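Those protein sequence lines, which keep their order, are chains U and Z. Just so it is clear: in the first sequence, position 190 is 189 by numbering that gives the first Met the number 0, and no numbers are missing. Just so it is clear: in the second sequence, position 211 is 210 by numbering that gives the first Met the number 0, and no numbers are missing.
Simulated from the structure, these hints should not be mistaken for lab results. Note that the coordinates shown come from a computational prediction; the quantities given were computed from them, not determined experimentally. Check each hint, because a few of them may be wrong.
Since the list gives no way to pick one copy over another, a pair counts as held whenever it fits inside one copy or between any two copies.
Claimed, not checked - Within a straight-line C-alpha distance of at most 30 Å, the following computed DSSO-like cross-link-like pairs (lysine-lysine) qualify:
no.: 1; residue 1: Lys66; residue 2: Lys185
no.: 2; residue 1: Lys437; residue 2: Lys410
no.: 3; residue 1: Lys539; residue 2: Lys105
no.: 4; residue 1: Lys534; residue 2: Lys516
no.: 5; residue 1: Lys337; residue 2: Lys86
no.: 6; residue 1: Lys525; residue 2: Lys503
Each chain is listed here by its residues.
Protein chains: 2
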Amino acid sequence: MSDADSRIQLIPLGGFGEIGKNMLAVKYEDTIIVIDCGLMFPEEELLGIDVVIPDISYLVENKEKVKAILLTHGHEDHVGALPYVLKEINVPVYGSRLTVGIVEGKLKEHNINNADLRVVRPREKVSTGPIETEFFRVSHSIPDCMGVAINTPLGIVLHTGDIKLDQTPVDGQVVDFRKLAEYGEKGVLAMLGDSTNADRTGFTMSEKVVGNTFEELFGKCSGRIIVTTFASNVHRIQQVVTNAEKYGRKVAVVGRSMVNNVKIAKELGYINISEDVLIEMEDIKKYPPNKVVIITTGSQGEPMSALTRMATADHRWVVLQPGDTVIISATPIPGNEKLVARTVDLLFRQGAEVIYEKGIGVHVSGHSAQEELKILINLIRPKYFIPVHGEYRHLMKHAKLAESLGIPPSKIFVAENGQVIEIGRKKATFNGKVAAGKVLVDGLGVGDVGNIVLRDRKQLSQDGIMIVVVTINKDNNEVVAGPDIVTRGFVYVRESEQLIEDAKEKAKEALDICYKKNLTEWAVIKAQVRDKLGKHLYEKTGRRPMILPIIMEV
Amino acid sequence: MSDADSRIQLIPLGGFGEIGKNMLAVKYEDTIIVIDCGLMFPEEELLGIDVVIPDISYLVENKEKVKAILLTHGHEDHVGALPYVLKEINVPVYGSRLTVGIVEGKLKEHNINNADLRVVRPREKVSTGPIETEFFRVSHSIPDCMGVAINTPLGIVLHTGDIKLDQTPVDGQVVDFRKLAEYGEKGVLAMLGDSTNADRTGFTMSEKVVGNTFEELFGKCSGRIIVTTFASNVHRIQQVVTNAEKYGRKVAVVGRSMVNNVKIAKELGYINISEDVLIEMEDIKKYPPNKVVIITTGSQGEPMSALTRMATADHRWVVLQPGDTVIISATPIPGNEKLVARTVDLLFRQGAEVIYEKGIGVHVSGHSAQEELKILINLIRPKYFIPVHGEYRHLMKHAKLAESLGIPPSKIFVAENGQVIEIGRKKATFNGKVAAGKVLVDGLGVGDVGNIVLRDRKQLSQDGIMIVVVTINKDNNEVVAGPDIVTRGFVYVRESEQLIEDAKEKAKEALDICYKKNLTEWAVIKAQVRDKLGKHLYEKTGRRPMILPIIMEV
Chain U
0 MSDADSRIQL IPLGGFGEIG KNMLAVKYED TIIVIDCGLM FPEEELLGID VVIPDISYLV
60 ENKEKVKAIL LTHGHEDHVG ALPYVLKEIN VPVYGSRLTV GIVEGKLKEH NINNADLRVV
120 RPREKVSTGP IETEFFRVSH SIPDCMGVAI NTPLGIVLHT GDIKLDQTPV DGQVVDFRKL
180 AEYGEKGVLA MLGDSTNADR TGFTMSEKVV GNTFEELFGK CSGRIIVTTF ASNVHRIQQV
240 VTNAEKYGRK VAVVGRSMVN NVKIAKELGY INISEDVLIE MEDIKKYPPN KVVIITTGSQ
300 GEPMSALTRM ATADHRWVVL QPGDTVIISA TPIPGNEKLV ARTVDLLFRQ GAEVIYEKGI
360 GVHVSGHSAQ EELKILINLI RPKYFIPVHG EYRHLMKHAK LAESLGIPPS KIFVAENGQV
420 IEIGRKKATF NGKVAAGKVL VDGLGVGDVG NIVLRDRKQL SQDGIMIVVV TINKDNNEVV
480 AGPDIVTRGF VYVRESEQLI EDAKEKAKEA LDICYKKNLT EWAVIKAQVR DKLGKHLYEK
540 TGRRPMILPI IMEV
Chain Z
0 MSDADSRIQL IPLGGFGEIG KNMLAVKYED TIIVIDCGLM FPEEELLGID VVIPDISYLV
60 ENKEKVKAIL LTHGHEDHVG ALPYVLKEIN VPVYGSRLTV GIVEGKLKEH NINNADLRVV
120 RPREKVSTGP IETEFFRVSH SIPDCMGVAI NTPLGIVLHT GDIKLDQTPV DGQVVDFRKL
180 AEYGEKGVLA MLGDSTNADR TGFTMSEKVV GNTFEELFGK CSGRIIVTTF ASNVHRIQQV
240 VTNAEKYGRK VAVVGRSMVN NVKIAKELGY INISEDVLIE MEDIKKYPPN KVVIITTGSQ
300 GEPMSALTRM ATADHRWVVL QPGDTVIISA TPIPGNEKLV ARTVDLLFRQ GAEVIYEKGI
360 GVHVSGHSAQ EELKILINLI RPKYFIPVHG EYRHLMKHAK LAESLGIPPS KIFVAENGQV
420 IEIGRKKATF NGKVAAGKVL VDGLGVGDVG NIVLRDRKQL SQDGIMIVVV TINKDNNEVV
480 AGPDIVTRGF VYVRESEQLI EDAKEKAKEA LDICYKKNLT EWAVIKAQVR DKLGKHLYEK
540 TGRRPMILPI IMEV
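Next up, chain U with everything else stripped away, as it sits in the complex:
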């Protein structure tokens, strides 16, 4: 293929029209590189599902072309699917030192030992066939985040990663504005921009604001202070530690993922805690309340988390007492609002004071709001603009923002997972679709739970099940035992004996009809039973349990 005919394909495999499981394949000629490899936590209606990962059949089909996976940062929605994906496609994985550190831990848990993980630094370049990628520093809600600029013979594809324009980040690592400006000046062919907060006006507050709030709150508290936040928010944890030191308090770290993350961050130098400040959980009680800060998991109200166990008076080492102050330094992820609210209520019931209100500076977002997004677009002024990382409304709001800055609508592509964007020398267009979607992980099974199973789970969850078992003589189709009825999740049987007896009668009637009419086809008999019984139960109870007739032959 001559260079003039070359095309860049941007193939969204996750994170386009959804928040989570971010994954984008960039193809140029025979080279595919993949940006991020995230998972998603299931929505409520995916009953029983543990996690959701992207459908990577496109990558598997083009396995020999896939040369690298580039990670922008260490959040689950950017690295969480790696253990599943590397089993199918084992290519070099590039990421910052912290990102690689987090991934190493994750792969170990999944018993994957053959991964080729490579640490890169900001402004470092990685060559993959005709593509050269440069990483650049961005700030977000986990340290050591980077965006990527993919240099192809056709031009530069620039992906912001998750980004906020924090002017006073805790580690001093400001977004590499000069590098972005340099690319802007050079000319960027296509820009992919984080849309998570594209529907929020103004600026996202700096992480430092939370530090200031902590300082003020810590100064006022005379009892123990318990802070919960995302375990990956190392800078938030740093700010807790810094203020604890300032007020002469020791720090105990509680909750498995918090302990792990603090350990990794400490080892890699992303957090600064002097040894004499850290104490063990079991030693908390050795210190007076005004000398202790506890950092814990549970900011999302997760039922098994340390904070939830404290809230239910079920934590071995931390028994809440009046005078304790709990600071919820996080925002509920959509869908977790109720769990968090319940945890707050339980904490109050234990006698603790709880600081959780919105807008009081105990939490800030890690994503750019509209004014920041405008700055980014104006700094880069790409030829084509593609909003990424957002539900459809976020992508649309981001697209409109770009439009308001003068990017022509025809050069803005709001894509959803699977929709291929093809960029040539002269123009860019949508060009076909590849397989993309949700692969459901339930226990050890990856992709073996589909719509039928979920539909059944849904029905079972609403009205339960009624099983009708009957044994018939295979020679003459006569009923020799049953029908027996067993129900679960339908009614409390002891209080509804008559209902069950009546149901048995109805089933018997249906079977009699079949016998008299000489209907011997099992499917027909079952349909009769289901139909008769279903109508009867709905009339009596207003419910529609799953009715499952089982016929045994002797």
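For this one, chain U is given, so just place chain Z on it according to the hints.
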């Protein structure tokens, strides 16, 4: 009992430590009056439950003492349980004209014809034995709301109802500050105050603000305008209508509850729409897009609502088109966030512009924020203060607010449902508990779904069910048919034949062991099967379906 020994008992039956199903019994000597009679929509984990109503066993046990039900306003969480409660206790029900109008419609749907509904106006007094109640005007997010002041020989118990201090309400009916001041001056024994927004700083904006936003938005739109809000928010609807008229647009009302509510509100004079402005749904297409406003249900993303059907291109009369603007004039009720977000995404996908962002003035709350709550407490300065209508954290925040205004902590009672507060001439104390809690309504069943059924539904929803049926000879316990295996919601059977075959083998093994050991007790055999199979399945799949062995005898 001499007057000196008399006590007032405040008996919270709902809405204390929760948002919803508000109900408070006030007892003085042999007279009980009940304030509000609400329902609650079930939380996610109440699988299959339709609505939740208060446990009224206390009222039923004291039936002859219950003299009246007083309604503060017509929202579901204040009147929704009436159809269930009146079946048990048919006493006079007092409420404003609109409230009674709404209740009438509700009772008709439930085929209740013998209710004694009595319309009262603000400042009207109702005598019930030794108690005299005066109603007073308050503003909220439905018209014709009132609070109640219960005059007992011991003093006044004042209940704010749901309240906001709207200085410019759409109907001009400002909170009756003078009446509140009069009571304050006279001396209020106990005040019960709406805590819903007690964790929000500042003031709640006036309903008029939304009207101004509408005016601005309507002025900018050149296509159709579709506004969704709560069907009961008559003033919001009025503001849509007013602005439609202003810009020469016709108004179509869509969605069953919206049509009903507009009808009641029009009949009773709570809404002002000239006949030539209203058009029928089927006539929408006769008008150019810039001459139409559609008011619709669906502000909570309810799956069957009109707006959701428009969003899925499934509405008979309203087919969305580019140029349409949808205004979501509501906030998601906690738990509905995802449904609303999904609807917004779908609307964007239909090509509509959607205005849904927070803080841009398309919605305001109907409850007082902290500054308003402070005004109320300072106006009334009760002897005892009892926060109501809120989850525990809201009650606590409201209690702290009262404390910050100088009400002594010993005179503030944070109660939960069932906790009786007893107020005497000299002091007030908690005094025992009465039955209170959730009664679950599922289909036609009231209270017949309990923890066991819900636990089963939960398990079924997570990993499904595996049924193992076996027929044995009752004389010698030999297996004559089966074991057969049927699963639902566990795995997709066609793709997991081997798994099912193996499971059958495992069940057979368990049965063999029982047979050989001569274990004939069914419970023992079933436990064996469950145990063997459960372990096997967990090992193979990481899942724990409900295992249900069924033994048939021939």
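Results for each hint:
{"no.": "1", "hint": "Lys66 <-> Lys185", "verdict": "within (26 Å within a copy, 82 Å between copies)"}
{"no.": "2", "hint": "Lys437 <-> Lys410", "verdict": "within (28 Å within a copy, 56 Å between copies)"}
{"no.": "3", "hint": "Lys539 <-> Lys105", "verdict": "between (52 Å within a copy, 22 Å between copies)"}
{"no.": "4", "hint": "Lys534 <-> Lys516", "verdict": "within (21 Å within a copy, 44 Å between copies)"}
{"no.": "5", "hint": "Lys337 <-> Lys86", "verdict": "neither (36 Å within a copy, 33 Å between copies)"}
{"no.": "6", "hint": "Lys525 <-> Lys503", "verdict": "both (14 Å within a copy, 22 Å between copies)"}
The structure is inconsistent with hint 5 alone, although it conforms to all the rest.
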